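**Student:** Sequence:
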Amino acid sequence: MATRILMVCLGNICRSPLAEGILQSMVDPTKIFVDSAGTGGYHIGEKPDHRSIAIAKEHGIDISKQRCRKFSEDDFHEFDIIYAMDKSNYGNIIAKAKNANDVKKVRLLLTEIDGEENQVPDPYYGGPDGFENVFKMIKEACTEIIKKL
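Residue numbering for the sequence shown follows the numbering used here, beginning at 60 and increasing consecutively.
Errors might be hidden in some of the hints.
[Unchecked claim] Below are the EDC-like pairs computed for lysine to aspartate or glutamate, each with C-alpha atoms no more than 16 Å apart in a straight line:
(1) Lys-164 to Glu-191
(2) Lys-129 to Glu-176
(3) Lys-163 to Glu-137
(4) Lys-157 to Glu-175
(5) Lys-124 to Asp-173
(6) Lys-146 to Asp-188
(7) Lys-157 to Glu-132
(8) Lys-146 to Glu-171
(9) Lys-164 to Asp-181
(10) Lys-116 to Asp-188
(11) Lys-207 to Glu-132
(12) Lys-207 to Asp-133
(13) Lys-207 to Glu-171
(14) Lys-157 to Asp-133
(15) Lys-155 to Asp-133
(16) Lys-155 to Glu-176
(17) Lys-195 to Asp-181
(18) Lys-198 to Asp-173
(19) Lys-146 to Asp-121
(20) Lys-206 to Glu-171
(21) Lys-106 to Asp-121
(22) Lys-195 to Asp-173
(23) Lys-90 to Asp-139
(24) Lys-163 to Glu-132
(25) Lys-146 to Glu-176
What the hints contain is simulated information worked out from the structure, not anything from laboratory work.
All values derive from a computational prediction rather than experimental measurement.
Between the sequences and the hints, there should be enough to build the whole structure, so can you do that?
**Tutor:** Put into structure tokens, the structure is as follows:
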């Protein structure tokens, strides 16, 4: 049975679609399933932000077919590991947890790099450099995830 990993940010249009695409590009899909969601339902059914699509494409990853969805309590049952991009979304996810097992599944993505509670900044209101920076952070974390799996 495949390990199931969920990447979560606020709107599911910038960071978590990048994280989904990056990790998917690094794994055997028969062994690891990756998806993404947002804690806010602002963009349900929409494509990721055009800047996320562009930066992924620059790195040879196509995320244009992804569609935004909202995180739900069912995700605790569907996924083995749930990565939050920042502390705010971590808190939003934990608030929906029903038990200690649910809580145990949730982690901050960047803790995979150095164990520190660093956050992936939201590049939405910034320029293209922010998206490149976020891409690099997420790729580094995904590289560590692969080593641990």
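**Student:** Does each hint fit the structure? Answer for all of them.
**Tutor:** Comparing the hints with the structure gives:
1. Lys-164 to Glu-191: violated (28 Å)
2. Lys-129 to Glu-176: Violated. Lys-129 to Glu-176 sits at ~24 Å, over the 16 Å cutoff.
3. Lys-163 to Glu-137: Within the cut-off at roughly 14 Å; holds.
4. Lys-157 to Glu-175: violated (26 Å)
5. Lys-124 to Asp-173: violated (32 Å)
6. Lys-146 to Asp-188: Given that 16 Å is the threshold and the Cα spacing comes to 22 Å, the pair is violated.
7. Lys-157 to Glu-132: Roughly 8 Å between the alpha carbons, so the hint for Lys-157 and Glu-132 holds.
8. Lys-146 to Glu-171: Holds, at about 14 Å.
9. Lys-164 to Asp-181: With a Cα-Cα distance of about 23 Å, the restraint between Lys-164 and Asp-181 is violated, given a limit of 16 Å.
10. Lys-116 to Asp-188: Distance ~15 Å between Lys-116 and Asp-188 Cα, so the pair holds.
11. Lys-207 to Glu-132: Distance ~26 Å between Lys-207 and Glu-132 Cα, so the pair is violated.
12. Lys-207 to Asp-133: Answer violated: Lys-207 to Asp-133 is near 25 Å, above 16 Å.
13. Lys-207 to Glu-171: holds (9 Å)
14. Lys-157 to Asp-133: It holds: about 10 Å lies between the C-alpha atoms, which stays within 16 Å.
15. Lys-155 to Asp-133: holds (10 Å)
16. Lys-155 to Glu-176: Roughly 21 Å separates the two Cα atoms, so the pair is violated.
17. Lys-195 to Asp-181: holds (13 Å)
18. Lys-198 to Asp-173: holds (14 Å)
19. Lys-146 to Asp-121: Judged against 16 Å, a Cα distance of about 27 Å means the pair is violated.
20. Lys-206 to Glu-171: holds (10 Å)
21. Lys-106 to Asp-121: holds (12 Å)
22. Lys-195 to Asp-173: Between Lys-195 and Asp-173 the Cα gap is close to 15 Å, so the pair holds against 16 Å.
23. Lys-90 to Asp-139: holds (13 Å)
24. Lys-163 to Glu-132: Holds, at roughly 14 Å.
25. Lys-146 to Glu-176: Distance ~8 Å between Lys-146 and Glu-176 Cα, so the pair holds.
In this structure, the hints that do not hold are numbers 1, 2, 4, 5, 6, 9, 11, 12, 16, 19, in rising order.
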